[in-house]
Amino acid sequence: MTGAGVPGRGVARAGAVHAAMIAVVLGALWWRAAGAADGIVVGGKIFTESYVLGELAAQTIEASSSVPVTRKLGMGSTGILFEALKSGAIDVYPDYTGTLAEAILKRPDLKSLDEIRQALSGMGLTISGSLGFNDTYALAVKSQFADQHRLQSIGDLAPIEAEVRAAFSYEFMDRKDGYPGLVDSYHLNFNPQKVNRMEHSLSFQAIDQNAVDLIDVYSTDAKIRKLHLRLLKDDHDYFPIYQAVWVARQSFVEQHPREWQALLGLEGKISEEAMLDMNAQADIQKIGFNQIAARFLGADAPPSAGWLHEVARRTKEHLWLVGVSLLFSVLVGIPLGITAVRFHAAGQAILLSSAVIQTVPSLALLCFLIPVFGVGNKPALAALCLYSLLPVVLNTFTGIRAVNPSHLENARAFGLNRLQVLWRVVLPLASPTLLAGIKTATIVSIGTATLAALVGAGGYGAPIVSGLSLNDVPTILTGAIPAALMALVAHGLFELLGMALIPAGLRRRP
Amino acid sequence: MLELQNIYKTFEGRTVVADVNLTVPKGATHALIGSSGSGKTTLLRITLGLIPFDKGYVKINDQALLSFTQVEWADRIGYVPQDGGLFPHISGRNNVALVAKLRGWRKSRIDERVEELRKVVDLDAEILAHFPREMSGGQKQRVAIMRAAMMDPAVMLLDEPMAALDPLIRRSLQQELKSIFQRLGKTVLLVTHDLGEAVFLAEKITMLHEGRVVQTGTYRDLLQHPANPFVTQFINAQRTLPDAGDLP
Numbered sequence: 029m030t031g032a033g034v035p036g037r038g039v040a041r042a043g044a045v046h047a048a049m050i051a052v053v054l055g056a057l058w059w060r061a062a063g064a065a066d067g068i069v070v071g072g073k074i075f076t077e078s079y080v081l082g083e084l085a086a087q088t089i090e091a092s093s094s095v096p097v098t099r100k101l102g103m104g105s106t107g108i109l110f111e112a113l114k115s116g117a118i119d120v121y122p123d124y125t126g127t128l129a130e131a132i133l134k135r136p137d138l139k140s141l142d143e144i145r146q147a148l149s150g151m152g153l154t155i156s157g158s159l160g161f162n163d164t165y166a167l168a169v170k171s172q173f174a175d176q177h178r179l180q181s182i183g184d185l186a187p188i189e190a191e192v193r194a195a196f197s198y199e200f201m202d203r204k205d206g207y208p209g210l211v212d213s214y215h216l217n218f219n220p221q222k223v224n225r226m227e228h229s230l231s232f233q234a235i236d237q238n239a240v241d242l243i244d245v246y247s248t249d250a251k252i253r254k255l256h257l258r259l260l261k262d263d264h265d266y267f268p269i270y271q272a273v274w275v276a277r278q279s280f281v282e283q284h285p286r287e288w289q290a291l292l293g294l295e296g297k298i299s300e301e302a303m304l305d306m307n308a309q310a311d312i313q314k315i316g317f318n319q320i321a322a323r324f325l326g327a328d329a330p331p332s333a334g335w336l337h338e339v340a341r342r343t344k345e346h347l348w349l350v351g352v353s354l355l356f357s358v359l360v361g362i363p364l365g366i367t368a369v370r371f372h373a374a375g376q377a378i379l380l381s382s383a384v385i386q387t388v389p390s391l392a393l394l395c396f397l398i399p400v401f402g403v404g405n406k407p408a409l410a411a412l413c414l415y416s417l418l419p420v421v422l423n424t425f426t427g428i429r430a431v432n433p434s435h436l437e438n439a440r441a442f443g444l445n446r447l448q449v450l451w452r453v454v455l456p457l458a459s460p461t462l463l464a465g466i467k468t469a470t471i472v473s474i475g476t477a478t479l480a481a482l483v484g485a486g487g488y489g490a491p492i493v494s495g496l497s498l499n500d501v502p503t504i505l506t507g508a509i510p511a512a513l514m515a516l517v518a519h520g521l522f523e524l525l526g527m528a529l530i531p532a533g534l535r536r537r538p
Numbered sequence: 117m118l119e120l121q122n123i124y125k126t127f128e129g130r131t132v133v134a135d136v137n138l139t140v141p142k143g144a145t146h147a148l149i150g151s152s153g154s155g156k157t158t159l160l161r162i163t164l165g166l167i168p169f170d171k172g173y174v175k176i177n178d179q180a181l182l183s184f185t186q187v188e189w190a191d192r193i194g195y196v197p198q199d200g201g202l203f204p205h206i207s208g209r210n211n212v213a214l215v216a217k218l219r220g221w222r223k224s225r226i227d228e229r230v231e232e233l234r235k236v237v238d239l240d241a242e243i244l245a246h247f248p249r250e251m252s253g254g255q256k257q258r259v260a261i262m263r264a265a266m267m268d269p270a271v272m273l274l275d276e277p278m279a280a281l282d283p284l285i286r287r288s289l290q291q292e293l294k295s296i297f298q299r300l301g302k303t304v305l306l307v308t309h310d311l312g313e314a315v316f317l318a319e320k321i322t323m324l325h326e327g328r329v330v331q332t333g334t335y336r337d338l339l340q341h342p343a344n345p346f347v348t349q350f351i352n353a354q355r356t357l358p359d360a361g362d363l364p
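Chains as they are written, first to last, in the working numbering: chain A, 29 to 538; chain B, 117 to 364.
Just to be clear, a hint being listed does not mean it is correct.
[Said to hold, decoys possible] Now the stretches of chain B that chain A is said to cover, found in silico as 3 or more residues with beta-carbon under 8 Å:
#1 122 to 128
#2 309 to 323
[What the hints assert, rightly or not] Partial selection, computed: residues in chain A whose CB lies under 7 Å from chain B:
#3 N438
#4 Q448
#5 A464
#6 L534
[Stated by the list, open to error] Pair ranges (Cβ atoms, derived):
#7 B/I167 / A/F396: 32 to 40 Å
#8 A/A528 / B/N137: 25 to 33 Å
#9 A/A383 / B/A241: 45 to 53 Å
#10 B/A241 / A/I509: 25 to 33 Å
#11 A/L380 / B/T139: 49 to 57 Å
#12 B/T139 / A/L521: 58 to 66 Å
#13 B/P204 / A/T367: 39 to 47 Å
#14 B/S152 / A/F396: 55 to 63 Å
Source of the hints: derived by calculation from the structure; they are not laboratory data. Think of the CB as a built atom: it goes at the ideal place given N, C-alpha and C, for glycine as much as any other residue.
Produce the complete structure using the sequences and hints provided.
Structure (C-alpha cells):
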C-alpha cells in the first residue's frame, strides 16, 4: 500500500500552493491600494473647467505648505468623485452648488450655500464660499444675430419665437429646470419644428455654420468666446445657481487648517470672465493646466515632470493594473474552467455568469464596484479581473473538453493519479487553447485598463481622458500609442511564451 | 498468471458481462474475441481496473485487483491501447518513460530500461526522439509496447493491436509481435474482433457473445468442435474473400 497515500498528498500540496498564491496576490492588491495616497489628494472631474480648478487648488496648497499634493484630476463623474471624497481617497475637489444639491443631496430645493453646507455636514463634508462665478445654463446666439434682432435678454426672443431655429442638448430638453421650465417662465412659444435635440458639442458646430440661431451653453464655456457668441441675460433668474465651490472632507479641514485657509483665500477671486478666459486658454490655445493655474495665481508654473517621465509613470501604473488582473484571471480562471468541465451544473453556472459579467458595460461595472471598493486601484482592478476572467475560463473549458477522452482513460490505466492526469496530459494537450485565452484576456485588459483613469487609478487612460476633454489629440496619443505598443509587445511575448509552454509535439511545424 | 473468475457487470439495469471465466497461464498469449457489443471492451476496462464490477475476481499471480489502488494495479498490467494511444504532445521516449519518471526512477535506470526495451521491439533509436505524429503506424505500435512493458508488469493487455494498420504492414508486424511477446516472456491478453489475428498470435482463444463466454480453446477446438452454431457462424463470417472457384 506504499503508493496509496501519495496522490492524496500531492493534491493537498497543490491546493495549498494555489491558496498561497491567491493569498499573496490579494495581499499585494490590498497593500498597494491601501497605501496609495499620502499627503493631500486633490480630485477633479473630467472636463476642462474642473481640471483648471483642480490644478488651482493643488498649486494653492503647494504654495502655502510643504505637504505633498497628489492630483487625481479627470475622474469619471460626480458620483465617482463623491464616493472618492467620502472614502478618503481624495480630500478636496471643485464642484457646483446646483450639482451638490441636485445630484448628491437629492434636494433641489436647497439654494443657499449655508443650506447646502448644513446638509453636507451630516456626511462629514463641507464646502467653501463661492469662488466667484456661476457656471449655469445660458442661452447663446451669434453676436451678429443678436445685433440684427436687438437681443439682450431671453425675453427679447418673443418677437421672433416662431422663426428662431434652436439646437438644445438632450439633458437641457429633459431637465425640469431646463427647456420646459424656461419656455414656461418666459412665455415663449417656439416652433417645435425648429427646435432640434442635439449632442451638446455638435450644437456649437451647428450655430457656427449658421444651421441654427440659438443654443444652450454652460456660461463659462470657452467656445462662447471662440465662436463669438453672446449670452442672453436671464432676467427672471430662471436658471439654477451653479456657484463653484471647494468640497472637502471635514477631517481634512481639521487636519490641515492652514491649507484649507489657503483654498478659502480663492473665494470670490475667480470671476465668470476670468474662468471663461482660463477655459479658453486650455481649450483654444492648448496651454497646459498647470501653466494656466500658475499664471492666474501670479506664480511660476511648477516644473512639469517631462514627457518621458510621464509616460514611464503611466506605463508603470498600466502594467500594474494589467499584471495583477492577469495573474488573477489565471489563478482563478483556470481552476474555474477545470471545475466547469468536471461538474456539469456548476460549469454552466460558471460559464454563464462570466459571460454575463462581460456584457456589463465597463463604465457601469466601475460604478457598481465603487460602493464596494471605493475609488482608485481597487475598483479598477476588480473590474479588470472580472473582465479578463471570461476568456480564460471559456478557453480552459473549451481546451479541456477538446482533449480526446481516450487519452484520459489511458493515462489512468497507466497509473497516473488525478493530479498527474491533469498536469501531465490534460493541461499540456489543452495548452494551445488555454494560452490563447490568456492572451485574449491580456490584450482586452490592456485596452480596458485605460478606463481605470475614470476612477483615479491612473495608467494610459489618464492622458487619454484629459486629452479627450480638451479635444487635444497629441495628449490623447501619449496614452493611446503606448497602450497600442503594449498590446503589440504582449502579443509578441505570448508568441514566445507559446514556444516555451506549448509542448513541441502540438506546435504547428513551420 | 491472469485470472478472471465469475465476473458479472450490469450497467443501467442491463447485464453487460455475465459469469465470465478466463485463465491465462504465465507466459502464455491468449485472445479474447468477439464482435462489437459482445462485452469485450467492458471486460478489458474491468481487467485494467478502470470500472467497478458487481461480482467475481480479477487476479494477477493470485493477487486480487480489489486489494490494490489503481496506481498499484497499473504497475502489474501493461496496457497497449488501440492504435498505440501515444500522447501526442511528448516524444516517443517521454511516452515510454512517463510513468517511471513519475515513480521517481533515476535517469540512468530509465535510460537502461528504455534501451533494453528498444532492442526487444527492434526500433531505431532516433525514432524515440520523434513525436507520435512523425511516426508510422508500426513505429507507434512498438513504442506503445515499450511503454506498456516499462514497469515490467506481469501481464500485458493489448486492445485491437492491428486494427488501424494497412494489410501489408499488418502481416509483417504480426510476425514481429509474436517474437516480441516471446522475447518479453509476459503473460499476454489480446482483445480483438479479428479471428485471423487471434489465431496467429494466441495459443488459445476465448469467444465472447452477448456478455458470456461461448467457448474457450485452440482454433482447432473452435473449428472442429464448436460449442454452438454461433461459433461456426463467427468463424465463417471472417472469410470475407470468395475462393477462386466461387468467382462468377
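Hints the structure fails to honour: Numbers 1, 2, 5, 7, 8, 10 and 13 - these are the hints that the structure violates, sorted from lowest upward.
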